[in-house]
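Chains A and B are the protein sequences, given in the same order. Heads up: the first sequence at position 592 corresponds to 592 in my numbering, and the numbers run straight through without jumps. Heads up: the second sequence at position 127 corresponds to 939 in my numbering, and the numbers run straight through without jumps.
Rather than coming from a laboratory, the hints here were simulated on the basis of the structure. One should not assume that every hint holds.
Taking lysine-lysine pairs in the DSS-like style, the calculated list, with each CA pair at most 30 Å apart, reads [what the hints assert, rightly or not]:
no.	chain 1	residue 1	chain 2	residue 2
1	B	856	A	276
2	A	322	B	863
3	A	738	A	779
4	B	856	A	305
5	B	856	A	12
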Amino acid sequence: MNTLENSINQFKPAIKLTKIVSRATQSKLRIISFAGTILSIVAYVVTLYLFDGQYAQLFLGTAMIMTAIWLEQILTFSYHNSYYFRGLNSIVGLAEPMEGGTYDVAEAVLKYPNDVSLAFCTSQFGSIALLRSGLPNEAIDTFLKNPRQKITASMVMLPEDEIFSLIGLGKYLLTHDVTFAAMLKTAGISQETFIGSLRWVVGSYHQEKRQARWWSRDNLSRTTGIGKEWSYGTAYLLNKFSRGISTSAVFSTMSLNTPFAAEKVSEIEYALARAKAANVLIVGEAGVGKIDLVMEVSRRMKLGKSLAAIDGKQIIVLDTSKLFAVHRDKQELEMTLIQMLNEATLAGNIIVVIENLSTFVREAESLGTFIPELLDQYLSLPQIQIIATDTPSNYHTYLETLGAFTRRFAEVLIDSPDQTATTRILQNIALQNESKYQTVFTYGGLQAITISAERYIVDGIMPDKAIELLIDVATKAGQSGTSIINDDYVYSIVSEKTGVPAGPIQDEERDLLLNLEDKLHQQVIGQQAALGAVARTMRRARAGIQSAEKPIGSFLFLGPTGVGKTETAKALANVFFGGEGKMQRIDMSEYSGIDGLEKLIGNGEQPGRLPTLLREHPYCVLLLDEFEKATQAVHDVFLQTLDEGQFTDARGTKVNARNTIIIATSNAGSQLILKTVQQRKELAPLAQEIINNIVKEGIYRPELINRFDSTIIFEPLSIEQQTEVASLMLGGLYERVKMQGYEVTVGPELLEILVQKGYSPEFGARPMQRVIQDVIEEKIAQKIIVGAVRKGDTIALTKADFTEAELAAQGT
Amino acid sequence: MLFVSIMHHYFIWHFGRAFGEIFHVWKNVLWFMLHFFSIGPLLKSWFAPWKRVTEQRGETWNLENLASVIIIGLVSRIIGFIIRTAVISLGLISFSLVAIAGVATFIFWLVAPVVIVGLVGLGIMSLIL
Numbered sequence: 001m002n003t004l005e006n007s008i009n010q011f012k013p014a015i016k017l018t019k020i021v022s023r024a025t026q027s028k029l030r031i032i033s034f035a036g037t038i039l040s041i042v043a044y045v046v047t048l049y050l051f052d053g054q055y056a057q058l059f060l061g062t063a064m065i066m067t068a069i070w071l072e073q074i075l076t077f078s079y080h081n082s083y084y085f086r087g088l089n090s091i092v093g094l095a096e097p098m099e100g101g102t103y104d105v106a107e108a109v110l111k112y113p114n115d116v117s118l119a120f121c122t123s124q125f126g127s128i129a130l131l132r133s134g135l136p137n138e139a140i141d142t143f144l145k146n147p148r149q150k151i152t153a154s155m156v157m158l159p160e161d162e163i164f165s166l167i168g169l170g171k172y173l174l175t176h177d178v179t180f181a182a183m184l185k186t187a188g189i190s191q192e193t194f195i196g197s198l199r200w201v202v203g204s205y206h207q208e209k210r211q212a213r214w215w216s217r218d219n220l221s222r223t224t225g226i227g228k229e230w231s232y233g234t235a236y237l238l239n240k241f242s243r244g245i246s247t248s249a250v251f252s253t254m255s256l257n258t259p260f261a262a263e264k265v266s267e268i269e270y271a272l273a274r275a276k277a278a279n280v281l282i283v284g285e286a287g288v289g290k291i292d293l294v295m296e297v298s299r300r301m302k303l304g305k306s307l308a309a310i311d312g313k314q315i316i317v318l319d320t321s322k323l324f325a326v327h328r329d330k331q332e333l334e335m336t337l338i339q340m341l342n343e344a345t346l347a348g349n350i351i352v353v354i355e356n357l358s359t360f361v362r363e364a365e366s367l368g369t370f371i372p373e374l375l376d377q378y379l380s381l382p383q384i385q386i387i388a389t390d391t392p393s394n395y396h397t398y399l400e401t402l403g404a405f406t407r408r409f410a411e412v413l414i415d416s417p418d419q420t421a422t423t424r425i426l427q428n429i430a431l432q433n434e435s436k437y438q439t440v441f442t443y444g445g446l447q448a449i450t451i452s453a454e455r456y457i458v459d460g461i462m463p464d465k466a467i468e469l470l471i472d473v474a475t476k477a478g479q480s481g482t483s484i485i486n487d488d489y490v491y492s493i494v495s496e497k498t499g500v501p502a503g504p505i506q507d508e509e510r511d512l513l514l515n516l517e518d519k520l521h522q523q524v525i526g527q528q529a530a531l532g533a534v535a536r537t538m539r540r541a542r543a544g545i546q547s548a549e550k551p552i553g554s555f556l557f558l559g560p561t562g563v564g565k566t567e568t569a570k571a572l573a574n575v576f577f578g579g580e581g582k583m584q585r586i587d588m589s590e591y592s593g594i595d596g597l598e599k600l601i602g603n604g605e606q607p608g609r610l611p612t613l614l615r616e617h618p619y620c621v622l623l624l625d626e627f628e629k630a631t632q633a634v635h636d637v638f639l640q641t642l643d644e645g646q647f648t649d650a651r652g653t654k655v656n657a658r659n660t661i662i663i664a665t666s667n668a669g670s671q672l673i674l675k676t677v678q679q680r681k682e683l684a685p686l687a688q689e690i691i692n693n694i695v696k697e698g699i700y701r702p703e704l705i706n707r708f709d710s711t712i713i714f715e716p717l718s719i720e721q722q723t724e725v726a727s728l729m730l731g732g733l734y735e736r737v738k739m740q741g742y743e744v745t746v747g748p749e750l751l752e753i754l755v756q757k758g759y760s761p762e763f764g765a766r767p768m769q770r771v772i773q774d775v776i777e778e779k780i781a782q783k784i785i786v787g788a789v790r791k792g793d794t795i796a797l798t799k800a801d802f803t804e805a806e807l808a809a810q811g812t
Numbered sequence: 813m814l815f816v817s818i819m820h821h822y823f824i825w826h827f828g829r830a831f832g833e834i835f836h837v838w839k840n841v842l843w844f845m846l847h848f849f850s851i852g853p854l855l856k857s858w859f860a861p862w863k864r865v866t867e868q869r870g871e872t873w874n875l876e877n878l879a880s881v882i883i884i885g886l887v888s889r890i891i892g893f894i895i896r897t898a899v900i901s902l903g904l905i906s907f908s909l910v911a912i913a914g915v916a917t918f919i920f921w922l923v924a925p926v927v928i929v930g931l932v933g934l935g936i937m938s939l940i941l
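Using the sequences plus the hints, can you model the full thing?
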């Protein structure tokens, strides 16, 4: 086995050479000496013929010396290149078996051969990778200064048949240098983040190197050969109704050398290379980059990099809107289409791209043309091929039903890339934006962007929305002068943008969560058990234990009316989203008819109430009042929503409800609750019995109840609690009157009477509201109108202010 | 001392590994010539009609129709043949030039150190004399 020391020794002279003359200086010298050579030769010729050979000898000598320098520089440069590019694999046409350390490893380790960790941390790319991992400089300093077990280059055994780049060195340190691993761990940097940043930094450096090596086959094959299409015909009509493929590409900047894209591109190529019926149907959500992949296939064909069977083919995108704009009747359209496809068949190398196939089929259908039948004969021909694209929902609704037609296509399914793939796509885009906004992204920052985009950004799909978020964050950082974009910064921007607390829990929020019960109690009287349960669930949700593919929280509130169910929902909106206005209420009794479902999720023409509401307020407390009154079909929508955090509306689009707290309230079982309380039994142990009873009565199905994070039972208010409620309500009234310029006080005796009048275990606090309105508000109004009080006065109300009749007549 | 050690290492490379690398680059550039002038595809379709411009044969047999098919087909093929021949020739010439340049490079490489030293010597002599 080879050691690192042995492997890098061969690089020593080449690296020493750059210490004397750097590569940049070498390049300059080469250019200068070449220019000197040419000038001296010209001067020599000029002096020889125009000035009778005077000084000619001098210029000849200079020319010779300049040529010698130039040639020497070429040799030196070639020598250095030989080592500089060693181990850098080429994608097309491989040269040599790859083994041993690379130039950059040698450059780093030769500086400190007795301390590989120090070499890594101080190397150009190692230090950038550590910065991108989010490791503070002080941590590196402390690590390097403190005593630790040192690893020398002779101790590092290299893997066989594998290149040992800086990535390899980083991985080696993680497993062999305990202190190094501990330093990362203490700084809260996971191994995945460290390796990810290292791959990012070293990967983009290698990419640059590859581009500099013009003599590699990768670079030489970047040109298109002359005359490859001369043996094929031209599809004139199709060209007329086509448009550039790049006009519909989403992120032409997408790094198509990610494994995700490469896999899909080769899947499409293989499907196209089949002998018969080599048509492809690419199914993926809008914006996932379907056309980008087609574009990459087209690019590879042009460069001769694709499979031999499809070499020399030409991809043309059919402009369907232009087609329909020109042809408004069946006969014209069909004639053009047939002529176009015949021509393309004759040309022999055409691959026609039809975007959103189902839309095209339906639009043609409105003119009376049945596209599947028309296309059928062409789909089996080897001379013409079709690539179609569509979204999954349209595919299921319209195309799958066509059976035989769909079977003529090989399906390529494009899922949204997973988190690692998205982060990798973001890497290139981050680099482009860094110089523009004078800022640096850490790898953790990119991960945070990926996670937040997935979790908190409702509109759009991945990786598109992640890219948008990245640009957004970079712009904000540029404006505020933030130099490093790490995960905290990203989460703070996301929170600012959405109003939802994102990322790790901060101090302020920690207090809030720990004291959530108290916060809720400021607005809701009594209900110790209920509020405790709500708080516990919310803490679980925020701690990130709960699945990200669900709403933030979901509750079923059971109990008689007027006991604080709605008030609790308001309090949650206040605490979590910063205002009662963030509570959106839907009266479910409106969805009790046969048209309930249609009203809720819409139909083909009208959008429903729920999708509209969630699109307008993606971050809210969603209060579903009188939930039991809705139909079973409506309940089923929520079955899905509670389970997956999203549902499909009538148009087949997914609607996201993952940033909402869903609260369904219901009076179901309140009779039983009342009875239990009247019998002075403890409510908590009987909760399960109450729920069972509700299920037995068939009000809710057990699977629906089980989908809620918790079912919470609100108990009727006691007379003491009612007094508190009355005080709370009067507090609100005092505020309102104060706005008019008066002060109000209500005497204790009067308060007692109010409570007695307004107390109702069955209807809770509702009658109390009416009593206050009818007795107190009425009296204040009288006094103001009569002119008995002036602005700034205190209206002190006591029992004596009211006649018996006034008190007796009210509140009933 | 440093200079001597670098020089020593350099000469080992110059008369060893360097030949393999020059050969590799040479091979790449030769391949590029074939690729750029599409020699393979053009040879295969040397006599094919130019951009598939041909006349469709009618349903029924008649002399006029046959004549036009033959004439247009012939013209199309001749045009295709001429243009392809031009490109193929150009490609082959370039390929030969690169091939010769490669051999020249090898020869130069062998004598390069001597050439450089010689040029410096001659240059200095011209300056002095």
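Okay, the hints, checked on the actual structure:
1. 856/B to 276/A: Holds, because 23 Å separates the two Cα atoms, which is no more than 30 Å.
2. 322/A to 863/B: Since the Cα atoms of residue 322/A and residue 863/B sit roughly 27 Å apart, the hinted pair holds (cutoff 30 Å).
3. 738/A to 779/A: Distance ~15 Å between residue 738/A and residue 779/A Cα, so the pair holds.
4. 856/B to 305/A: Holds - the C-alpha atoms of residue 305/A and residue 856/B are around 19 Å apart, at most 30 Å.
5. 856/B to 12/A: 51 Å, violated
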